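*Asks:* What follows is each chain in one-letter form.
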Amino acid sequence: MAEILLEVKDLKKYFKAGSKIQLFKKPFYEKYYLHAVDHISFSIEKGTTLGLVGESGCGKTTVGRTILRLYEADGGEVLYEGKDIAHIPISSDKTYTKKIQMVFQDPYASLDPRCTIADIIGEGIEVHGLYKTKKEREERVCELLEMVGLNREHRNRFPHEFSGGQRQRVGIARALSVNPEFIVCDEAISALDVSIQAQIINLLMRLQKEMGLTYLFIAHDLSMVRHISDQTAVMYLGTIVEIGPTEEVYQNPSHPYTRGLLASVPLPDPDYEAKRTVRGMKGEINSPINPKPGCRFADRCEFACDICREKMPELKDLGKGHKVACHFTEKLNSKE
Amino acid sequence: MSILEVKDLRVSFHTYAGKVQAVRGVSFSVDKGKTLAIVGESGCGKSVTVQTIMKLTPTPPAFIEEGSILYEGTDIVGYSEKQMQKLRGKEFSMIFQDPMTSLNPTMRVGRQINENILKHMTLSSKEATKRTMEMMRLVGIANPEINMLRYPHTYSGGMRQRIMIAMGMAANPKILFADEPTTALDVTTQSQILDLINDLKKQFQMAVVLITHNLGVVARMADSVAVMYAGKVVETGTAREVFYEPKHPYTWGLLNSIPDTANMNGNRELPAIPGTPPDLFAPPKGCAFAARCPYAMKACIKAQPEETCLSDTHKVSCHLLDPRAPKVEPYHVKRQKTE
Ligand SMILES: Nc1ncnc2c1ncn2[C@@H]1O[C@H](COP(=O)(O)OP(=O)(O)O)[C@@H](O)[C@H]1O
Ligand SMILES: Nc1ncnc2c1ncn2[C@@H]1O[C@H](COP(=O)(O)OP(=O)(O)O)[C@@H](O)[C@H]1O
Ligand code: SF4
Ligand code: SF4
Ligand SMILES: [Mg+2]
Ligand SMILES: [Mg+2]
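Keeping their order, the protein sequence lines are chains A and B.
Take 75 as the starting number for the first sequence in the working numbering and just add one per residue.
Take 642 as the starting number for the second sequence in the working numbering and just add one per residue.
No lab work stands behind these hints, which were simulated from the structure alone.
Each statement offered as a hint is correct.
Derived lysine-lysine pairs resembling DSBU-like cross-links, with alpha carbons at most 35 Å apart:
#1 B:K815 to A:K349
#2 A:K356 to B:K767
#3 B:K842 to A:K356
Just a sample of chain B residues kept apart from chain A, beta carbon distances all over 12 Å, derived:
#4 I644
#5 G666
#6 P699
#7 P701
#8 I705
#9 G708
#10 M748
#11 R752
#12 L764
#13 A769
#14 N784
#15 I787
#16 Q844
#17 Q846
#18 E948
#19 H955
Short derived list, chain A residues pointing at chain B, Cβ under 10 Å:
#20 E129
#21 S237
#22 G238
#23 Q271
#24 L336
#25 P344
#26 R353
#27 M355
#28 K356
#29 I359
All figures in this text were calculated on a predicted structure; none of them were measured in a lab.
Every residue, glycine too, gets a C-beta built ideally from N, C-alpha and C.
Let the hints inform the model, and build the full structure from the sequences given.
*Replies:* In structure tokens:
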């Protein structure tokens, strides 16, 4: 068994969502918390990719940002090579900011328009004092540009002179500049055209092979996640409802939400689409503020029973590391 | 009978930096009660084409250089703003990727739908309110009595798109133009909105012109497809022709870029289309796709390919269809037969 690089245990991140004083009743002060990430656990082996999917607002970015320590966890642990880094302030420790990097969705917003590409890529190198002379640094920038499929001549240009796909390459070069081991890709391809998405996915997979990188790949495009991920986790309202080896999850989706999600994806096959009968699911994601007890998916689930509204289902292993959080997994699976 | 026919449309933007040839000879037609999907990479001229039909692009900077737009047989290219206003809303209606750009954030949604109804129909205010509620129910918003009173920002993205559709449908338009209506939505919400558009199309025999870059969405929605590249339609046909018998290398590239979920084999590299589309300030003299095309020949750089008709509906512009060109196999267009 390969070595586990990152393990998240029982991670929790709540945001204060205001409070309300209820007059006329007893003096009563109710606090409102937005349960962005609510007790989730997963682990990622070195050199592999975990895909994280789910509707917007389900907490994917918060998971990524908490791992990067841009948010402080409210509970649980983030073990990096066995060491809990969740509570080490980012300012007091540079080793992990170097080891863990992030690539963002919006290449426009995440690159400073006044800096040249060389400045943007070189910044991390400077902060971490990786190269001594200016010349060495410049050489490293050129090497990184070539690594991500750009030209060394591009280094003196500005972000607005590049297309969306090229800017995303710059974002990847910037992340790679400090020799990270772990990269959180947060919707890194979502804003790009399909053909360009394929270029970036190929680049990420090539870099992973060459450098042994480990990825947390956050996206809402389920087919791209399937292509790049070794493991896939499905989130719903701050919780993981299903996780396991990618092909297990996609071929035997066992949580009603995962099934609904996959049934919603239109496939590029007109005949199939014309005769397809099950298309997606009803309703919208509930509010994550002070969620009701029980299964978070109960309001949208066609199988919901009393127990679903009382007790939150726990992740149960169906074998091969395929875990599902639903009270009726066995029953639903045996129906088919 | 086609309700809308666009013939050799050319549109340029006259800017300080020069002339952007955004649309360079686009032709297509849409039948009553059918859906045409326009696909292609961003910047290829999809939005400009549709905005030109609706006359939503201001002149200057946008100029129609050539072409005709026949609506029920009448050329509307020369229509005045006043004539267009009559068409917009009543005959044509449009929805966008971001509904917030066309909703007034300070006005309750019910009133916005109401005003739109009164603009196009002669109804008493009581009748208009009744129709507002009817429209809201039609697009799947329950309890319109209460939900009418909400402001746009209190709605989710999917619900706002429903409200936009309710406004657009208020006067029973004949053609709905939908410019990336689901691109900003989650797959689950996307699926619901697509079903809604399909239901309305059937119920009202409405034609739909759908712009998208998602080929899955095209497969679900389209009766016919126009594939655009750098301001031109490079391949057009019925959905079955374009998906199962594609003949243009760009269409092959688009289809191949999607991961094949039917038969995955691990770490296979995706056949991406290399490079990026050309600059429309100075489009190439020959085929605009030549720089990215694995089959480009000398002829491709010299001259633009003519359109070849493979059937009444299937038309392709590529030199490979010339009898003198070498026979090539599409690198592997997959027929994604999903069980
Ligand atoms: N800094 C923040 N302050 C308050 N609420 C937040 C903050 N960041 C995210 N949230 C809320 O947490 C939930 C999860 O958000 P996010 O992690 O961005 O979801 P996703 O990336 O899956 O779309 C959302 O309801 C969002 O509104
Ligand atoms: N107002 C404008 N001024 C100058 N160029 C424009 C303007 N609007 C669009 N364009 C250009 O026209 C081309 C087509 O744009 P568009 O139709 O929006 O593409 P698509 O919708 O296919 O992404 C692009 O190259 C774009 O830069
Ligand atoms: S626990 Fe109950 S409500 Fe939740 S997904 Fe399973 S059946 Fe549905
Ligand atoms: S005309 Fe030539 S360059 Fe253009 S798509 Fe056909 S083969 Fe490729
Ligand atoms: Mg996010
Ligand atoms: Mg557009």
